[in-house]
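> Residue-level listing of the chains:
Protein chains: 4
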Amino acid sequence: MAGSQPVRIGIVGATSYTAREAFRLLLNHPQAQVVAACSRRDPQPRVDEVFPEFTGRVNLQCEPIDADALRGRIDVAFLCLPNGLAMTLAPRLLELGIRVIDFSADYRLKEPADYAAWYDKTHTDLDNLAQAVYGLPEFYRERIRTARLIANPGCYPTSAALAILPFLKAGLIEPTDIIVDSASGISGAGAEPRPEHHFPERHETFEAYNVGKHRHMVEIERTLDPYVRGSKTSVIFTPHLVPMERGILSTVYLKPTQPISVEHAMQVLLETYENEPFVRVRERLPRTSEVARTNCCDLAVRVVKSRIVVLSAIDNMVKGASGQAIQNMNVMFGIDEKAGLR
Amino acid sequence: MAGSQPVRIGIVGATSYTAREAFRLLLNHPQAQVVAACSRRDPQPRVDEVFPEFTGRVNLQCEPIDADALRGRIDVAFLCLPNGLAMTLAPRLLELGIRVIDFSADYRLKEPADYAAWYDKTHTDLDNLAQAVYGLPEFYRERIRTARLIANPGCYPTSAALAILPFLKAGLIEPTDIIVDSASGISGAGAEPRPEHHFPERHETFEAYNVGKHRHMVEIERTLDPYVRGSKTSVIFTPHLVPMERGILSTVYLKPTQPISVEHAMQVLLETYENEPFVRVRERLPRTSEVARTNCCDLAVRVVKSRIVVLSAIDNMVKGASGQAIQNMNVMFGIDEKAGLR
Amino acid sequence: MAGSQPVRIGIVGATSYTAREAFRLLLNHPQAQVVAACSRRDPQPRVDEVFPEFTGRVNLQCEPIDADALRGRIDVAFLCLPNGLAMTLAPRLLELGIRVIDFSADYRLKEPADYAAWYDKTHTDLDNLAQAVYGLPEFYRERIRTARLIANPGCYPTSAALAILPFLKAGLIEPTDIIVDSASGISGAGAEPRPEHHFPERHETFEAYNVGKHRHMVEIERTLDPYVRGSKTSVIFTPHLVPMERGILSTVYLKPTQPISVEHAMQVLLETYENEPFVRVRERLPRTSEVARTNCCDLAVRVVKSRIVVLSAIDNMVKGASGQAIQNMNVMFGIDEKAGLR
Amino acid sequence: MAGSQPVRIGIVGATSYTAREAFRLLLNHPQAQVVAACSRRDPQPRVDEVFPEFTGRVNLQCEPIDADALRGRIDVAFLCLPNGLAMTLAPRLLELGIRVIDFSADYRLKEPADYAAWYDKTHTDLDNLAQAVYGLPEFYRERIRTARLIANPGCYPTSAALAILPFLKAGLIEPTDIIVDSASGISGAGAEPRPEHHFPERHETFEAYNVGKHRHMVEIERTLDPYVRGSKTSVIFTPHLVPMERGILSTVYLKPTQPISVEHAMQVLLETYENEPFVRVRERLPRTSEVARTNCCDLAVRVVKSRIVVLSAIDNMVKGASGQAIQNMNVMFGIDEKAGLR
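Residue numbers (the working numbering), protein chains in the order written: chain A, 216 to 557; chain B, 216 to 557; chain C, 216 to 557; chain D, 216 to 557.
Next up, chain A with everything else stripped away, as it sits in the complex (with noise of 0.2 Å):
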C-alpha cells in the first residue's frame, strides 16, 4: 500500500464499546482512517459526546445507518451492531463493492440450524453466510486475505481456540473431552448499564453466569469442528465475570489421547505460533493485565495429572473484538498486519 491512500472506515453502531475501542485505536493506524460513524440514535450525536475521551481527537457527527449514503465514502465497514442486525445490512454493502468486518454473531455459524438453534433467530442471508470468512488470522490468513465479509470472532472463542487449536490440530486430543473456564471483565458485557453491572453490584463479586448455555460454547466447537476427521467436537464452556474492565482469561482442560510431556505440549504451542505477530507462548502464566489494550493473546500451558492445561490471556476489546478486526482489515489490504496494533 506504499504511497496509496489510506483505508478508508466506516464505523456502524458508533455507541457500542467495541465501536469505541476501535476509534482508540484506529487513531493510531499509519495507512486507515474513520470517516464514517453510524448510530441508530435520534437524535445523531457527535462521537466525542457519547465518549467524551475523544474530544478533540475524533472529530465525527454520527449519521444514521444506511449502506446507500456510505456508497464511495468507505472501503471497509466495521459492524458493530447486536446480532441479527448485520445480516440485514451486509448484503447492501457488499453490493456496493464495501468490504464488510462483522462484529456481530451472524456470519460465525456456518450451520444456519446452529443460528436458529442459538440464537432464536432465522438466517436471512444464507448466500453471503456461505461466502464468509472466519477471522482469525492464525488459522485463515490465506482466506482472509481475498475475503470480501469477515465473520468477526467472538472474544471466548478466540480465547478458547488459540488454546485448542494446536493440540487438535495435531491429533493429540480428546475432541469430546474439553472444558473450557473463562473469566471475562465487564466490558465484555457492552455499554448498555444493566442492574447486574450497577457498579455496587458488580464490584468486589465474581460469578458464573449462563452455564452450559452461553452462545459462545457453540461457536467454540463449530470453531474446532473443522479439525476433527469424521466427529463433532463437544465443549463444556463456563464462562465467569470479574470485577475489572477488560481481559479475558480462559483455562482450559484438555484429555490427551495418550501420555504426553509439558516439554512436549509446550512445543507445539511454539510450533504452531511461531510467527505469528500477536501469539506469545511462554514459560511464565497469562495474567490478563499484561495483554491489556494490545492485540496479544498469551499462552501458557502446564500438564496435571491426567490432563493439558492451557492458559490463555487475550484483551477483550482488542484480540477478542477491535483489534483482530483491525488486524483482519490489515491483511484484507494488504497492510503490514501489525499496523496500528503496536
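Derived by calculation from the structure, the hints in this document are not laboratory data. Check each hint, because a few of them may be wrong.
Identical copies carry no separate label here, and so any pair may be met within one copy or between two of them.
Think about it this way: if two alpha-carbon atoms lie no more than 30 Å apart in a straight line, the pair counts; the simulated DSSO-like pairs of lysine-lysine are [said to hold, decoys possible]: (1) LYS325 to LYS384; (2) LYS336 to LYS447; (3) LYS325 to LYS520; (4) LYS520 to LYS336; (5) LYS384 to LYS447; (6) LYS447 to LYS325.
We have chain A; now place chains B, C and D onto it with these hints.
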C-alpha cells in the same frame, strides 16, 4: 428496656440500599426486630429475592406501603423513600402512634422556603416539620429521646457537621468561609442503575459532580446556622465520586478567627467527643475502610498555614444512613445506644 | 451454656488477616470473648494499632507467644500462624488443657508423608496429628463436639469439599476425574505485602497461579478419599486470583458414573444440606458478594453435556477461615452453632 | 526533522513506573526510539522481564547507570530516578552533549534553600539548576525549545498549575488564598510495594495523606510565584489516594479579587489554552478516565459563592510524567509536539 419486648420496626422502601443496610445491621440487634417490609413493587417480592444475601436470614414478604396496615404491628417506621414521599406518609404513621425515622430530606430543612428552593417541591406537612428533630445524636441527643419524628441526616452533612460544629460552637472559626471537599463511594447514588455508574464507566475513574449545586450544601449550612449568633453560615461544598462501594471522607477547610495551634484544635475535638460512643478523634489520618460497616466517625485535624483542616470519615450507609437511624432509634426507645452497632 | 461464663479465646498470630477477621466476628459473639492476643512482633503492638478499625472496639495489648503464659486464662486457642509453627505450639497448649483450633495446614493431612511432600517439612507432632479432627462441621460435627484439636480446613478445600462430597458419598461420580477451578479474592494471600499484590499490579487483572501445584490440591483429595471405597480420588485444581478483597467461587466439574438429571443432582444437594445452618442450596447461581462477611456456603448445580457442574461460593475469610473456626468452637463448647455468625 | 534520524532515547531507572509508561508511549512514536535502558539492579534484567507486557515488543537488556557508556549512543536521557540521584548523573550527561529530561524533583525548585528544606538534601549541582527549564510547555514552550536540561514537573503541580496560572497571570485572584484539593491513583506511589498499598488494604478505601506536608505543595507555589508581582503565593495542598491505578483530579479553590462570572472565568481558560494541543477546556466536569493514557489535561470551571472552583484532570503517568516528558522532548528536538501522544 430490660425484660421488655423488642422494638418492632417496619422498613418502608425495602428495596433501597439504605433498607438493605438496615436489614443487615438489625440481624445483630438484640432488642429490635424488623417485622414488616413495605415496597412500591408490584408484585411484591420477598426481601431475599431482592437481596439474595439474606436467603435464610431475613424471612419477610414485602407488602404495599399502607400506614393503616401497619397499625399496632410496629413501634417505629424507617422511611427509606425518595424525597417528597416521606411527607405524604409520615403524618398518618404519627397519628397511629408509630414513631418515624425518615431517611429522606423531607424533614431536614426547617424552612419550607429552603425545601422549595432546593428540592423543587412545596412542603405539605409543615406541622410535623416543625416538630421533627434532626437526628444527629452527638448534638441533639436530648431532643431525640423524646422525639416522635426524626429527620435522619444526610450522609455528607453528617461527616461535615461532626467536623465543623466543635469549632463553630467554640466560636473559633469564620462562619462564612468554610469549604467542604468530600468524596463518596457509589452506594450513595442508590440502587437504581444509571449509565454513569455502569461498572466499566465507574471503575477506575474519579470526578467531582454537582459542584456548588448539591442539595447537601444547604443542609450543611442549616445544620451549622443554629450555632452562629446573628448570622448565617456560608459553605462551599464539592462532592466527588470514588470507585468504591461505600465510605465518605470529607476534607474540611476552616478559617480560624485567630491563629490556632494544632494541639488546641485537637483539644477542641477531644473535648467535644469525649463521651461519644461513635466518634473517634485520633492523631492518625482517617481512612474510609477503617469505618466501613461501623457506625463510627473518625476525625483528625491539622493546621496548614492559615487554615484548620479537619478530616472526617464515615460509612455513608451506616453513620451516614442506616446505622445513625438505629442509633437514633436506640436513643428514642431507651435502649443501649450501641445496641446492634458494635 | 446458659448462665455459664463466656468461652475465653486466645488468638495467636494476632496480626494476620484471619486473626483480624476473628476479632471482627467475635465482637458480636454473645457467649465468647477474646481475652488474649499473641504475636511474634517486637515490640508488641496493641491490636488496634495493627488494625486501626478496632480503635475503641478491641482493647488488647499483644503479648509474646508462650503457651504457659496462657494457662488458666483461655479455654481455646485460635492458632493463626504459618504452616510449621502450629505443631510446635499445639502440644503444650493441649497439655495445659487448652483446646486448639489450628488455622494452618499442620493437622489437616493425616499422612505425615503427604505433609512432608507438599509442605517440605517433617511433621513433629504425630500423636496429636492422629487425634486432630478436620473441622468441616457439615461432615464431622459429631467428632468435633468432643475434639480437643481441630484442623480448621483450608479455604479452597472448604468450597470444593462442600460441592463434591454429596455426590461422592452417594457414589454418583467418578472419583478420579474431578476438576476444581477456583478463584479467590486477594485477602487469601495474607497480610504480607508482595510485589504481585501491590495495588497497581493487582487491580484490573486476572490470572491463574500454582497450576497443578497448589497445596490445597492434596488437601481436597485427602478430604474426599475417606468417602471412596478401595481407591483414592484424583483432583485437578486450578486457583485464580480475582481483583477483590474477599470471596472464593469454585466451579467444579464432576463426571457422573451414569447419566444424571439436573433435578436429581439438585436433590442430592438439598438432602445433604437440609438441616445445615450455613449451606444454602439454590437454583440461582451463587455470587461471592452474597456470602461476603457471612459463614454461608452457597451452592448451585447444573448438568452440562457429560458433566455435573457445581458452583460453590464462600467468603474465604469467614467460612474459609475464621467463621468456620468459630462454628467449630461453638460445636465444641455446646453453644448455639450460629452464635456470632448470624 | 523530516528525513532525519529518529531521536535516540536512553531511559535511566528503567524499572520504575514512569519508565514503564515511557516505554509504552514510545512504542508508537514515529520519530523517536528507546535505544538504552539503565537500571540499578544486579543482575541486570531485560525490560520485558520486569514488565512482561513488553514481551516481543521491547527488546532491551538493561545496563548499569554509567553516563560515559551512553556517550554517542543517545541524544536524550530520561532520568526516572529517585530524588537526589539525578543531580549526581545529569552533569556528566550534559557534558557529553546528551540532553536531559529529569523526572525527579532535583531541578524543579530554583532556590537551593527550598530543596534543602523540603527534600532534606543539599543540592550539589547549582550550575545546572540555574539553567534547568521547568518543563510545562503551556507556559515555557519557548525556553524548552533551547533547553538542554528539563525539570519535568511533578504530577500534582502539573494539574494544579494548569488550573491556576490562567487566573493568576490575569491578576484575577488572591495569590495567598489558594486551596488545592487533589486525588491520585496509586501508580503515583511508584512500583515499590508498601504495606499501605497492599491490594486488600488499598482496595475500597479513600484517605488523605501528608496533609500540609507534601513536597508538591512548595513546587506548586514556586511554579506560581513568578506570575505574582512583589509577593509570594501561598497554597494549601491536600492530596488523597483513590483506589484506582492512574489519574489525578485537582479541585482548586481560588478567591477572586473581585466578583467574577462563570462565563468570564471560562473565557479566561479558553483564551489561555486556545492553541494548546493537550489542554481541553470544557463545560462538562472532567473525569480522570477521560484523560487516561492520554497527554490531555481536561479543565472545567465553576463559580460557587465567593470562590472560583477549577476542576483539572490528568493522567498522572502521562501528562503528569512520561507523556509530558515526551512532549518536552518533541519541543526540544523540533518534532511535531503531538508525535507519539495522539
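> Against each hint, give a clear statement of whether it holds in the structure.
Cross-check of the supplied hints:
Taking the shortest Cα distances, LYS325 and LYS384 sit within 30 Å of each other inside one copy (20 Å), while across copies they are farther apart (44 Å). For the homomeric pair LYS336 and LYS447, the shortest alpha-carbon distance inside one copy (23 Å) is at most 30 Å, but the shortest distance between copies (48 Å) is not. Taking identical chains as interchangeable, the C-alpha atoms of LYS325 and LYS520 lie at most 30 Å apart only when they sit on different chains, with a minimum of 22 Å there against 36 Å within one chain. With identical chains, the CA atoms of LYS520 and LYS336 are at most 30 Å apart between copies only, with a shortest distance of 24 Å across copies and 43 Å within one.
Taking the shortest Cα distances, LYS384 and LYS447 sit within 30 Å of each other inside one copy (13 Å), while across copies they are farther apart (34 Å). Proximity of LYS447 and LYS325 under a CA criterion of 30 Å is satisfied intra-copy only: 14 Å inside one chain copy versus 45 Å between copies.
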